[in-house]
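Q: The residues making up each chain are set out below.
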Amino acid sequence: MSKDNKANRWLTAALLTPTSLWFLVMLIFPLIVILVFSFGERAAVGGYAGGFTLEQYANLPSRLKAFQNTMLIAPAGTLLSLIVAYPLAYFLALRVDRKYKLILLVLVIVPFWTSLLVRTYAWIFILGGRGIPTLLEFIGIEGVRLINTPGAVLVGIVYGYLPLMVFPIFVSLEKLDKTLLEASSDLGGSPFKTFMQITLPLSKPGIATGCMLVFILLMGEFLIPAFLGGGKVFFIGNALVDLFLQSRNWPFGAAVSVTLVVIMLITVSFYMRMTLRNKTGRDESLM
Amino acid sequence: MSKGNDDKPITAKKFMKEFHRYQKGSITRRHFLGVTGLGTAMAVMGTAAPSLWSGQANAAGELGDRLVFSTWPNYHDQANLDEFTAKTGVNIQVNAFGSNEEMLAKLQAGGTGWDVFVPTNYTISNYVELDLIQELDLSRIPYYDAAANNPKFAGPATVNGKVYCVPKNWGTTGFIVNTKKIKSQPKSWKDFFDVTMGKGSGHTILHDYQLTTIGAALCALGYSFNSIDAKELAEAEALLIKSKPHLFAITSDYQPGMRSGDGWMSICWNGDGTQLNNDLPEMHYVIATDGGEIWTDFYAIPKDAPHLNAAYAFINFMQDPNIQAREAAVHGYAPTDSRAIALQPPSLASDPILHPAENLMNGLEFGAAQTLTDPIRAEVMARFKSA
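Protein sequence lines, in the order shown, are assigned to chains Y and G. The numbers in the first sequence follow this note's numbering, run straight up by one, and end at 294. The numbers in the second sequence follow this note's numbering, run straight up by one, and end at 486.
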């Protein structure tokens, strides 16, 4: 082995050390703690008491509704975000004049400059009785209830997560070779056919990334359902907040966390297999 | 830096030009800060700010500049907190909590950074047992006068002969009714749940707080507000879960929901009842005939409070009878301190929500210490919420 090579290796190791340490201390170690806690018992006054029991896992069905809500609303929210984000990303990437592109992109991010908590709180008033329902009463539609429903939570999700969906799709659409679109129309392809056979397949990596980003974050979401669901649309994230911050049942909270992680691993690996399977010959990355 | 640059403000164009020069490395950071005036601005702020913010009370700086205060929603007059800051230079960071359990969870986990918090009577002995709060040095709270406080309310502050906190306010937990929407005049918790699952379906708010929410259900069933009996709690859970589809929300911050007209009834603390009633006369506060809670809130200092001097200064400030009376005028909760009550205008001192007649309060119970840590109550509440 040459001297250069050896030095290189040392350099690589040195550069990787901070990341490895970070992963070890901030990810692996806490995960081990959670795993250990999940087999323990709730201390008399709350918190964790050592022991080995499967009781916590046996108690999981009592949170079935929260799991169901999350598994239904998270994918629905992801899909809805995609439907809203795609036309926007398409417009920004392919239709907008170069002059305005930057400013419009910035406008998509502007809401991120304020805390999600404050923005979600604003939605409480928009969707609450004195907001949209009052406006609807003016045109004769009465008794509409928006706040504290799954619909309100979905609105909050689409609002909060839109930029995360827009950007990956925008990036993949912007890279799109426009001569392909011209070729398609030269060869007699209708705009719809061009979109289905060229634009959509080529933006798939962006869609896949956007969906994954949004879905993974949604699975752990608790703020939006807490605010716009009024404690009635309950996610597994809310159950966790409850278990750690109210009923102080750390072992059960740990068991719920472990279960959530397992569900995520299965879903995400399944999803990745689905999206990466159709290789088009070249290396298809998620970005 | 040259004199000329200080005379007139830099133009945006010039600023950007200098900024780009700085970015490219053509000029030094020092030159950039000087020529743009940013350096001057920072220097001015750095020297002027402390003298603007710190008053005489904090001349030696022994109070520090910060206080972390954990309390309940709608429980203070911001003007009084601002006055404390103006007098002492101590900025107050306020956290609002919806339940004592939430406060306990944070304190148990440790490292809260809190200096002062507001626990309710039934939690104090638990906090002492868990070694989470400190014994108070009453000589540092000269405004506090034990003799002026009714022992019925101030009693729980003393555990094993030591004083761990000083009283803030006392009150009752009943419910608020929007009488424009609900005409049937519910009087008891039983009525409350009947209306919830009947005419008022979809418009009731329950607290995100085991003590009051489970307590209300227990009272409606004819049991004690404080019950920790497994069978009774199971019945209360069944009632709560049955009523859940008829609820508008489960939250301890119920004022926005009531004010927006979405909520027609809510479990309610009497001061919030006064606040709502002041703005919306159709809001009526009811002490339920089949029970409920009477309580005292206190000021306490956590064991590991980082700004102890500021904590004592703040508690003392809040014990000033004048401040107490001014607070009560805004939040609508009665002081326990007779000196503060004497300072209240007659309209408040005779207010039926603030000072209900004794016979109305006969059925009310102080929260019991064991409800705070009881595992069944904790799990009943958690299951109800995720149902």
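Read the hints as simulated data drawn from the structure, not as lab findings. Don't take each hint at face value.
Listed below are the simulated DSS-like cross-link pairs for lysine-lysine, each with C-alpha atoms no more than 25 Å apart in a straight line [what the hints assert, rightly or not]:
(1) G/K280 - Y/K239
(2) Y/K239 - G/K186
(3) Y/K239 - G/K289
Far from chain Y by the CB rule (all over 12 Å, computed), these chain G residues [stated by the list, open to error]:
(4) E200
(5) N225
(6) A448
(7) R482
Being a predicted model, the structure only gives us computed values, none of them experimental. Think of the CB as a built atom: it goes at the ideal place given N, C-alpha and C, for glycine as much as any other residue.
Q: Hint by hint, which ones does this structure get wrong, listed from lowest number up?
A: 2, 4, 5, 7
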